[in-house]
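Engineer: Build out the structure end to end from the sequences listed, making use of the hints.
For the sequence shown, the residue numbers in my numbering are 5 to 317.
Because the hints were derived from the structure by calculation, they are not lab data. Hints are supplied without guarantee of correctness; some may be wrong.
Across the chosen pairs, the derived CB separations fall in these ranges [as the list claims (entries may be wrong)]:
1. 216 <-> 99: 42 to 50 Å
2. 178 <-> 73: 51 to 59 Å
3. 300 <-> 224: 30 to 38 Å
4. 297 <-> 99: 17 to 25 Å
5. 212 <-> 112: 49 to 57 Å
6. 93 <-> 307: 40 to 48 Å
7. 113 <-> 59: 23 to 31 Å
8. 171 <-> 99: 40 to 48 Å
The structure displayed is predicted, hence computed values, not measured ones. All C-beta atoms, glycine included, are put in the ideal place defined by N, C-alpha and C.
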Amino acid sequence: MGGCVSSWGPLDTRSRVGRCAGSGRAAPPRRSSRPPGSSPWAPPWPANRTERPVASTPAGIARLLATPDRIALFLDYDGTLVPFQEDPSRALPGPGLLPLLDRLAVPGRFEVAIVSGRSAEDLRRLLPGRCHLLALHGALYVDPDGRALDRVDLDACRAAVREVAEACARLVASIPGTRMEDKGAALALHTRGCERRDERRAVRRFLDASRGAVPGGLLSILRGSRVIELKPARADKGSAVLWLAKRFGRDWFPVYLGDDRSDEDAFRALQDRGTTIRVGPARRTSHARHRLADPRAVRELLELMASTAGPVG
5 MGGCVSSWGP
15 LDTRSRVGRC
25 AGSGRAAPPR
35 RSSRPPGSSP
45 WAPPWPANRT
55 ERPVASTPAG
65 IARLLATPDR
75 IALFLDYDGT
85 LVPFQEDPSR
95 ALPGPGLLPL
105 LDRLAVPGRF
115 EVAIVSGRSA
125 EDLRRLLPGR
135 CHLLALHGAL
145 YVDPDGRALD
155 RVDLDACRAA
165 VREVAEACAR
175 LVASIPGTRM
185 EDKGAALALH
195 TRGCERRDER
205 RAVRRFLDAS
215 RGAVPGGLLS
225 ILRGSRVIEL
235 KPARADKGSA
245 VLWLAKRFGR
255 DWFPVYLGDD
265 RSDEDAFRAL
275 QDRGTTIRVG
285 PARRTSHARH
295 RLADPRAVRE
305 LLELMASTAG
315 PVG
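Structural biologist: In structure tokens form, the structure reads like this:
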């Protein structure tokens, strides 16, 4: 449990949580420069390589993933499993998604982990199944039996957020289309409903109001797709994914799917260790190796993978 700051304990809620790929030809594996015998999960992360991900098909990636015997499947939620919504509370799992995730969560073949900036309570409400959860960008881990583990000092982060939350909310309240989300140990300003001019004004006010919480080192600012967030500084998706992959063990092949800037940390962390897939249009470079167009393509890939998983027992 190195680096963790609290013992296991239940959450307040009680439900369980849950070849070239486009062409069909096998893509040559990237060779790692890591010394023989060293752990594949140990930092430092690989060199910072960015390029445009290869546009891939669900069938092509499914063929690529047919080779590993055990797959650790890491999935972002918003923009990856479900389409973005102007109001995050309306980004609900589509029909059949929960049974699909349960079909994938087959011991010995797949481990399924949701990696999200959402709170653990929010994820458990949305995904009451058998998934591992890395909430708040990996600051909090919840296992499939509902046991929770703080990976950073969340009590201190909550106190720091409380000091600025009211000021942040007050400053942006008059700007149309904004939505403030208080996650306890993090605070997010959603601007998907804003005009661009209003969005810039809201972000400036949010930064001004939250400035006092950042210098102490507990919290940091993260910019995402039409969202800006004050979050635990020591939490990021890259270190969280490496931590959980190490817990799964060397026999598990990691696969990560995500769409946002925060997912780039995980793409970079797994660049020479697994398969990384960015979800979304081909408009920017990424540390991910492959690209799927949208959550619908992700769903198709998961269906193909589940067809090899066998029955849930």
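Engineer: Compare the structure with each hint and give your call.
Structural biologist: Each hint, compared with the structure:
1. Taken as a hint, the range 42 to 50 Å holds for the pair residue 216 and residue 99, whose Cβ atoms sit roughly 45 Å apart.
2. Taking the beta carbon of each, residue 178 and residue 73 are about 56 Å apart, inside 51 to 59 Å as hinted.
3. A C-beta distance of roughly 33 Å is found between residue 300 and residue 224, which places it inside the suggested range of 30 to 38 Å.
4. Evaluation of the 17 to 25 Å hint for residue 297 and residue 99 yields a pass: the beta carbon distance comes to about 20 Å.
5. For residue 212 paired with residue 112, a C-beta distance near 52 Å keeps the hint of 49 to 57 Å intact.
6. Between residue 93 and residue 307, the C-beta spacing of about 26 Å breaks the proposed range 40 to 48 Å.
7. At about 28 Å, the CB distance of residue 113 to residue 59 agrees with the hint of 23 to 31 Å.
8. The given range of 40 to 48 Å is respected by residue 171 and residue 99, whose C-beta atoms sit roughly 41 Å from each other.
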